[in-house]
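*Asks:* Each chain is listed here by its residues.
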Amino acid sequence: MKYSLYNLGLMLERLNQHHIRLVLVVLSLALFVLGAGAPADFGGH
Amino acid sequence: MCSGPARRRTLAVTESRRMILLLAVIAGSAAGAAKAWLGGRELSSPDLRLAWLVPVAFLPQWLAFFCPFSPQVPPNWAAAALVSSQVLLVLFAILNREQAGFWVLGIGLTMNILVIVLNGGLMPISPDTVMQLAPNASLDAWQIGQRLGTTKDIVLPDAATHLCWLADRFTLSVPKPHPWRVAFSLGDVLIAIGAFSLLWALGGEPSARKTSARVATHSF
Numbered sequence: 002m003k004y005s006l007y008n009l010g011l012m013l014e015r016l017n018q019h020h021i022r023l024v025l026v027v028l029s030l031a032l033f034v035l036g037a038g039a040p041a042d043f044g045g046h
Numbered sequence: 612m613c614s615g616p617a618r619r620r621t622l623a624v625t626e627s628r629r630m631i632l633l634l635a636v637i638a639g640s641a642a643g644a645a646k647a648w649l650g651g652r653e654l655s656s657p658d659l660r661l662a663w664l665v666p667v668a669f670l671p672q673w674l675a676f677f678c679p680f681s682p683q684v685p686p687n688w689a690a691a692a693l694v695s696s697q698v699l700l701v702l703f704a705i706l707n708r709e710q711a712g713f714w715v716l717g718i719g720l721t722m723n724i725l726v727i728v729l730n731g732g733l734m735p736i737s738p739d740t741v742m743q744l745a746p747n748a749s750l751d752a753w754q755i756g757q758r759l760g761t762t763k764d765i766v767l768p769d770a771a772t773h774l775c776w777l778a779d780r781f782t783l784s785v786p787k788p789h790p791w792r793v794a795f796s797l798g799d800v801l802i803a804i805g806a807f808s809l810l811w812a813l814g815g816e817p818s819a820r821k822t823s824a825r826v827a828t829h830s831f
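In order, the protein sequences belong to chains S and Z.
Heads up, the final residue of the first sequence is numbered 46 in this note's numbering, and it's a clean run with no missing numbers.
Heads up, the final residue of the second sequence is numbered 831 in this note's numbering, and it's a clean run with no missing numbers.
Please keep in mind that the hints were generated in silico from the structure rather than gathered at the bench.
Glycine included, C-beta positions come from ideal geometry on N, C-alpha and C.
Heads up, a few of these hints could be off.
Partner residues are not named here, just some residues of chain Z that face chain S (Cβ under 10 Å, in silico) [what the hints assert, rightly or not]: (1) 636; (2) 640; (3) 657; (4) 672; (5) 700; (6) 734; (7) 741; (8) 744; (9) 806.
Every beta carbon over 10 Å from chain S, so not counted as near; a handful from chain Z, in silico [said to hold, decoys possible]: (10) 682; (11) 686; (12) 754; (13) 776.
Please take these sequences and the hints and turn them into a complete structure.
*Replies:* The following block contains the structure:
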């Protein structure tokens, strides 16, 4: 039981780290393109 | 400099959303996730060098273009914020040039910086393009030689624009019920392609074993 919980904890930790890293990569890229690009757009006309 | 009519008109800019490049990020994320799912793989997360540099570089732009008091930022401060921020982003792209897509992203960004710096620190947009973007707007919101609303653009006729082929000169219109018009540069196109390809690459490649197994299956 203790072993399974430990394994589950390890798995969740790995999943979380992976997902958090992935989210950070996508967020960084979103900020990068917002900063790098210079489009002028107008909505609702 | 390029030739072209230099008309002086004014019209109102009522809304600016700067969303077009985020569409490339959303589409690339969806495509990369679909590619990974179809291949039975997990999305990979690349090791980006100095990732903290991106929010640091973006901060001056957020203050100058995106936050509630951006309209009060003087144009020369906005120009300084844009150029300094983009120089840091180029540095980030160079540091991460081994990653898929960063070469294209970096070249697009460099093209944008080049035309921005040569034209006083903001992205030039011609009066004709402005009129295509907002044909029904009122007559007192923009002037040639002035910043266009709170955007990164400055209204300059082609004849007064250095490297006008790198300026915001391409337009895209989405019809009703969600009308939306956007002007973008060649650099913006490369940035969108680079972002998409980077996110597509997160979906991973089929392993050699799987590929050879598929080849073997097809050969029978």
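*Asks:* Now tell me, hint by hint, if it's right for this structure.
*Replies:* Here is what the structure says about each hint:
no., hint, verdict
1, 636, "holds (5 Å)"
2, 640, "holds (6 Å)"
3, 657, "holds (6 Å)"
4, 672, "holds (5 Å)"
5, 700, "holds (5 Å)"
6, 734, "holds (4 Å)"
7, 741, "holds (8 Å)"
8, 744, "holds (5 Å)"
9, 806, "holds (5 Å)"
10, 682, "holds (15 Å)"
11, 686, "holds (14 Å)"
12, 754, "holds (15 Å)"
13, 776, "holds (15 Å)"
The structure shown violates none of the earlier numbered hints.
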